[in-house]
Amino acid sequence: KETETQLKHFYKLQFTKQTLLIPAMSDNNLPPPENQIPALNFDGLEVFSALGRGSKGVVFLVRSDNVSGKWLALKVILKESIEKNKNKRVSFEQGVLSRFDHPLFPRLHGVLSTDKVVGYAIDYCPGRDLNTLRKKQSDAMFSDEIIRFYAAELIIALEYLHNQGIVYRDLKPDNVMIQENGHLMLVDFDLSTNLAPRTPQSSPATARHSTGTNKERFFPFSVFCNSGISPDDSVSTVAESAGEKLNSFVGTEEYVAPEVIIGSGHDFAVDWWSLGVVLYEMLYGTTPFRGSNRKETFLKILTEPPCLVGETTPLRDLLKKLLEKDPSRRINVDGIKGHGFFSGLEWDLVVKVSRPPYIPAPENYESSKIDVEKFVHEIFAKLDHNGDNNHSNLKGKDQINNNTSVDNGSFFVF
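Going by the UniProt record's numbering, the first residue of the sequence shown is number 1, and it counts up by one from there.
These are computed hints drawn from the structure, not numbers from a lab. The beta carbon of each residue, even a glycine, is placed where N, CA and C say it ideally should be. Keep in mind that a hint or two might mislead.
Label-pair distances were calculated between CB atoms; the ranges are [what the hints assert, rightly or not]:
no.: 1; residue 1: LYS135; residue 2: GLY44; range: 35 to 43 Å
no.: 2; residue 1: LYS70; residue 2: GLY340; range: 22 to 30 Å
no.: 3; residue 1: LYS135; residue 2: HIS102; range: 25 to 33 Å
Cross-link-like lysine-lysine pairs, in silico, DSSO-like; alpha carbons within 30 Å at most [said to hold, decoys possible]:
no.: 4; residue 1: LYS369; residue 2: LYS70
no.: 5; residue 1: LYS295; residue 2: LYS172
no.: 6; residue 1: LYS172; residue 2: LYS300
Using the sequences and the hints given, assemble the complete structure.
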């Protein structure tokens, strides 16, 4: 009953429709002046296919005369669908993309604007997403060694974001793309936001738990008792931000952290929880807290421990510490990088590995005569009519490379 009381405010929200409460943008969140970002137009774009869609946009495979014939992913959004807050998110995402200078992040190659649509172009990843690759593996699962490589790249990517003061807030396999060289690329930043950059404090997080009152700041202590998890079993960590937290509800339900559901405020720690869910899915082929509906999923996230079937291994120990329900006790980046699962790993060399687990095979593309504006309008007019607003792959699985299994012996194992 105590747990349900804490959740009561959340149950009033629509479980069939995601609620986003976006903090106001500050001046340092704004994108650079438009004259610093190349302008694109349809006359200079060659459109090849539609790759997929999101809640309000469609992604196309294109090539631009302005970008030396490079393959690009062009995200196009209907102007009529952009509400005031959503427009801020589009500007924020473009601003974030324009700041990136890292091999695990896309580069913003140009922006597009017409009377009907807005869009922006980033690097195209021919290996598609991590979820697609996982499903092509035997039993839809990866080995520990392959998880180790991909986990290391995700940690490096999240650390880069956090050091810039960006909380990602939507880590899931669908947002982890595989580049032409086999390395990962993190995409889709429309749910990201800014906090003060990560600055470790001098005292450990456990010092803040000397009283029962502090323990209950997160959510009732009974949640730990009911789940069989004791605060004493969790890892001691260092606080990652200077007390700054957000109260927005954002994320994808199976990957969202407990503190986001509770509404107690969240910070960089939400990304480490989501990493734990992603790694669990890579190991077991399913997410750890999936329920029959959204309400049941959230209850499991709050009250049930992850089911870590199998012998005790460094990976399972890491998962336990990432999926710690109390964010102040959850393992942080320093603890993660120093964990036994990554023993002997040369972190500075990870993104320089020449033979990642999977390198996409070259593809041949044929140009299509797609009216992008009409295509996007028709897609979302149909979705609005049917009430379907879920993400979908427009190309079909037959378009994915068939040769996507991973061989443990075919790449450099750390």
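Right, here's what the structure says about each hint:
no. : hint                        : in the structure
1   : LYS135 x GLY44: 35 to 43 Å  : 36 Å, holds
2   : LYS70 x GLY340: 22 to 30 Å  : 41 Å, violated
3   : LYS135 x HIS102: 25 to 33 Å : 28 Å, holds
4   : LYS369 x LYS70              : 19 Å, holds
5   : LYS295 x LYS172             : 19 Å, holds
6   : LYS172 x LYS300             : 18 Å, holds
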